[in-house]
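Letter by letter, the chains look like this.
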Amino acid sequence: MDLTFSEEQDELRKVVRSFLSKYSDEATVRRLAADPRGHDRVVWRRMAGELGLQGLAVPEEYGGTGFGYVDLGIVFEEAGRALLCGPYFATVALAAEALQRCDDEQARRDLLPGIASGETVATLALTEDDGRWDEPGIRLTARETAAGWHLTGTKTYVPDGHLADLLLVAARTPTGVSLFAVAADASGLVRTPLPTLDQTRKQARLDFTDTPARLLGTEGTAWPALERTLATASVLLAAEQVGGAAAALEAAVDYARIRVQYGRPIGSFQGIKHKCADMLVEIESARSAAYGGLWALDSGDATEIAVAAALAQAFCSEAFTKVAAGTIQVHGGIGFTWEHPAHLYFKRAKSSEVLLGGPSYHRELLATRLGI
Amino acid sequence: MELDFGPAVRDFRDEVRDWLADHLVGEFADHRGVGGPTDGAAWEVRLAWDRELSAGGWLGVSWPREYGGRGLGLLEEIVFEYEYARADAPYRATVNALDLLGPMLLKMGGEEQKKRFLPPILAVEELWGQGFSEPGAGSDLASVRTRAEREGEEWVVNGQKVWTSFGVHADWLYVLTRTDPDSVRHKGLSLLLVPTDQPGVEIRPIRNLAGQDEFAEVFLSDARTGADMVVGEVGQGWRTAMATLGIERGTTLLPQQLTFEREAEALIDLARERGALDDPMLRRRIVDAWISVRIMRTTNLRTLAELTAGRTPGAQATTAKLYASTRHQQLGHLAMELAGPAGQIVGEDYGLDTRQRSFLLSLAETIYGGSSEIQRNIIGEQILGLPKEPRP
Ligand SMILES: Cc1cc2nc3c(=O)[nH]c(=O)nc-3n(C[C@H](O)[C@H](O)[C@H](O)COP(=O)(O)OP(=O)(O)OC[C@H]3O[C@@H](n4cnc5c(N)ncnc54)[C@H](O)[C@@H]3O)c2cc1C
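As you go down the protein sequences, you meet chains A and B in turn.
Using numbering that gives the first Met the number 0, the letters of the first sequence map in sequence onto residues 0 to 371.
Using numbering that gives the first Met the number 0, the letters of the second sequence map in sequence onto residues 0 to 391.
Honestly, the hints are just simulated from the structure, not real lab data.
Being a predicted model, the structure only gives us computed values, none of them experimental.
It is possible that some hints are incorrect.
Said to hold, decoys possible - Straight-line Cα separation of at most 16 Å, EDC-like style, residue types lysine to aspartate or glutamate; simulated pairs: (1) B:K186 - B:D139; (2) A:K21 - A:D39; (3) A:K274 - B:E388; (4) A:K274 - B:D139; (5) A:K21 - A:E49; (6) A:K346 - A:D253; (7) A:K274 - B:E125; (8) A:K346 - A:E317; (9) A:K13 - A:D39; (10) A:K274 - A:E249; (11) B:K387 - A:D253; (12) B:K113 - B:E125.
Stated by the list, open to error - Computed beta-carbon distance windows for the label pairs: (13) B:Q381 - A:L369: 54 to 62 Å; (14) B:G342 - A:A26: 53 to 61 Å; (15) A:G67 - B:G225: 55 to 63 Å; (16) B:R283 - A:Q328: 24 to 32 Å; (17) A:Q105 - B:D10: 43 to 51 Å; (18) A:S17 - B:G225: 55 to 63 Å; (19) A:V353 - B:E264: 27 to 35 Å; (20) A:S186 - B:R310: 37 to 45 Å.
Unchecked claim - Among chain A residues calculated to face chain B with C-beta under 10 Å, some are: (21) G67; (22) R263; (23) V280; (24) E283; (25) F314; (26) L365.
Virtual Cβ for every residue (Gly too), placed ideally from N, Cα, C.
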């Protein structure tokens, strides 16, 4: 059991942090937030080419480097700190994971190398109009004809769905839930970007009309693989949330050290100091929740993963929101301005909170998984 | 969940398990889970249990052999603690000496002191109390006024200590004193070891809110101890005391967390019995209680992993106490709410059941070892680097 980071992992963190400080600095984040596409292909290629970030946890046989989830979690934590804009979560935490989980060797061989090399931006289209992340929420239908499978229906709130080259779509067939691959330029597919409260993570609506699709794995058996994919994504999102929260607190603390009121730095007042301390308690607890999830993922124990993942989202999503809101409070009026980065973290926190179903949903998942 | 510490310690773990299975029987088994860092319940039985542990060679697993320990590593110590808590053995009565004074002496004591005091601790022959707090010095420990003056080969000690846990049982006290009468604050303090069996020491029990005589006040009037009974250097008592507090905040957490886990399980059982699981608000709080104890566990494991890897523990080692103490209190409130009116009825002579005792005693967890407010100051100033409180 490895409950602490190795020197190599410390090094990985350093490298990623320094890369992101250059390519995901505040100016870049603001530029991409304002850009409807919200994504810089050049940086994306660099992430893959120079650092291998997209293929970090993809096995070597599919073009990745085969590192573990703890390593991947480090990258997500750093991405969260830097508010990285672009389809990293959609591609790596959702799509690459779904491909690895679905029982389709050929699809893995065909599709994973493109993701690992940075050629392919991908996402998972699961939610529909009611925004549900569970099995009954999947109603879009797939029909098999002589010419192959076709999808009809709507997916929405799809992370980076407007710019993905490859869409993995959960759909219903007469035998149950199945997973399909759809090319971005497939016929009968209309993609509409959705204007989002959190401009740092884009979403899209996807309308399918008899859109040709490739069935992945065996028809009707995709839900367990999707459930596991969502568990993995929950943990990686939790790591991202921890990183975001830590960066927000750092900003609050830096400000509390220099801002003077009543002749003293505000950080010397207990009202502010204790608030910051409570935020750190929240963050360290969230870290435990997220890291516990990463260790569970690396252990491969399915029961443990299911529990740890639900716990991670139930806790970390709220922790990030609390800390991000606290950061605005510590900053006073300036924290309420568009110019100050605090709101970027706050909005990312709020959007991440509901991204995979929300804390109440995950509490309920946890309760069910524990038999409560 | 099982904890796997790897093949190296698996045999050791089995040895601990077997021993506990063989010895945690009879009266000892009847007192499973009894006690806590501030719980004096079933004292005599627990003392007998400590002697049983001592005879089995389980006290001081990681202490050097020359002082009566087993000379094993930190990992074995942790495995032992873990298995111990898993077996729900009675809380050790001699924890003050074993977990606080012992490690402090190992770290800062002189060779003679180690030889003199460590073996009797492991043999459960001498019990210890911590004499830091005073009526005028609690959170503000640097305002200690108890004085010690050198008289030939002895120190003469005068003053009053308070809240000394298990003080009435103590054969010895480790006392924070002012040895330089002209000094202020944390300068000029010394840590002295003082025997209680003498006319100058009077110890009176203080009843706590659970109705137990678990802590005490201590009056020192010309109490005497040897010149060689200073731990560390004369005038350096602040450092010694702070080191002990650091140990206190760290070591109690692992066994406590396992107790909390059992309480959370019991809470879920109770909720199931009461049909409370269908109430969405209660359900949410129950899940949150479970999440809290699981997070405590992971946090402790992170710290232990860093320690065993020879790394300096991160911020979580400091935030853990504040988190655990506040979350445990929430768990207690919820348990009492689920227990309903029946939970409000006590036994004869204010006899409390485990749930009631744990609930009431949890109120001390945000006070002792540095209150929550002081923890927040420490986190803010020492970890986050915020400016210090203005001090006179
Ligand atoms: C069950 C129990 C067992 C104990 N066992 C021992 C023992 O064995 N040996 C021993 O020496 N002591 C022991 N103590 C004492 C314990 O360490 C003190 O009670 C503790 O340090 C608080 O000090 P105080 O009681 O004087 O409260 P005070 O320091 O007077 O604090 C009162 C309130 O004011 C707050 N406060 C104080 N200073 C500040 C500040 N700077 N900023 C913000 N808030 C502040 C506190 O947080 C608290 O809420 C024990 C206490 C308990 C409850």
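A quick look at each hint next to the structure:
1. B:K186 - B:D139: 14 Å, holds
2. A:K21 - A:D39: Holds - the C-alpha atoms of D39 (chain A) and K21 (chain A) are around 13 Å apart, at most 16 Å.
3. A:K274 - B:E388: Given pair K274 (chain A), E388 (chain B) holds - Cα atoms ~15 Å apart, limit 16 Å.
4. A:K274 - B:D139: Given pair K274 (chain A), D139 (chain B) is violated - Cα atoms ~21 Å apart, limit 16 Å.
5. A:K21 - A:E49: Holds, because 14 Å separates the two Cα atoms, which is no more than 16 Å.
6. A:K346 - A:D253: At roughly 21 Å apart (the allowed maximum being 16 Å), D253 (chain A) and K346 (chain A) break the hint.
7. A:K274 - B:E125: 44 Å, violated
8. A:K346 - A:E317: Satisfied, since the Cα-Cα distance of roughly 13 Å is no more than 16 Å.
9. A:K13 - A:D39: Not satisfied, since the Cα-Cα distance of roughly 22 Å exceeds 16 Å.
10. A:K274 - A:E249: 13 Å, holds
11. B:K387 - A:D253: Holds, at about 14 Å.
12. B:K113 - B:E125: The hint holds at about 14 Å.
13. B:Q381 - A:L369: 54 to 62 Å: Hint violated: Cβ distance 37 Å, outside 54 to 62 Å.
14. B:G342 - A:A26: 53 to 61 Å: Between G342 (chain B) and A26 (chain A), where Cβ atoms are some 59 Å apart, the hint holds.
15. A:G67 - B:G225: 55 to 63 Å: 57 Å, holds
16. B:R283 - A:Q328: 24 to 32 Å: Because 25 Å falls inside the window, the suggested range holds.
17. A:Q105 - B:D10: 43 to 51 Å: 47 Å, holds
18. A:S17 - B:G225: 55 to 63 Å: The hint (55 to 63 Å, Cβ to Cβ) holds, given that S17 (chain A) and G225 (chain B) are roughly 58 Å apart.
19. A:V353 - B:E264: 27 to 35 Å: 31 Å, holds
20. A:S186 - B:R310: 37 to 45 Å: With Cβ atoms ~57 Å apart, the hint is violated.
21. G67: 16 Å, violated
22. R263: Status holds, d = 7 Å.
23. V280: Cβ of V280 (chain A) sits 4 Å from chain B, so the hint holds.
24. E283: Holds, because the Cβ-Cβ distance from E283 (chain A) to chain B comes to roughly 4 Å (cut-off 10 Å).
25. F314: Given a least distance of 6 Å, the restraint on F314 (chain A) holds.
26. L365: This hint holds: L365 (chain A) lies near chain B, its Cβ roughly 6 Å from the closest one there, short of 10 Å.
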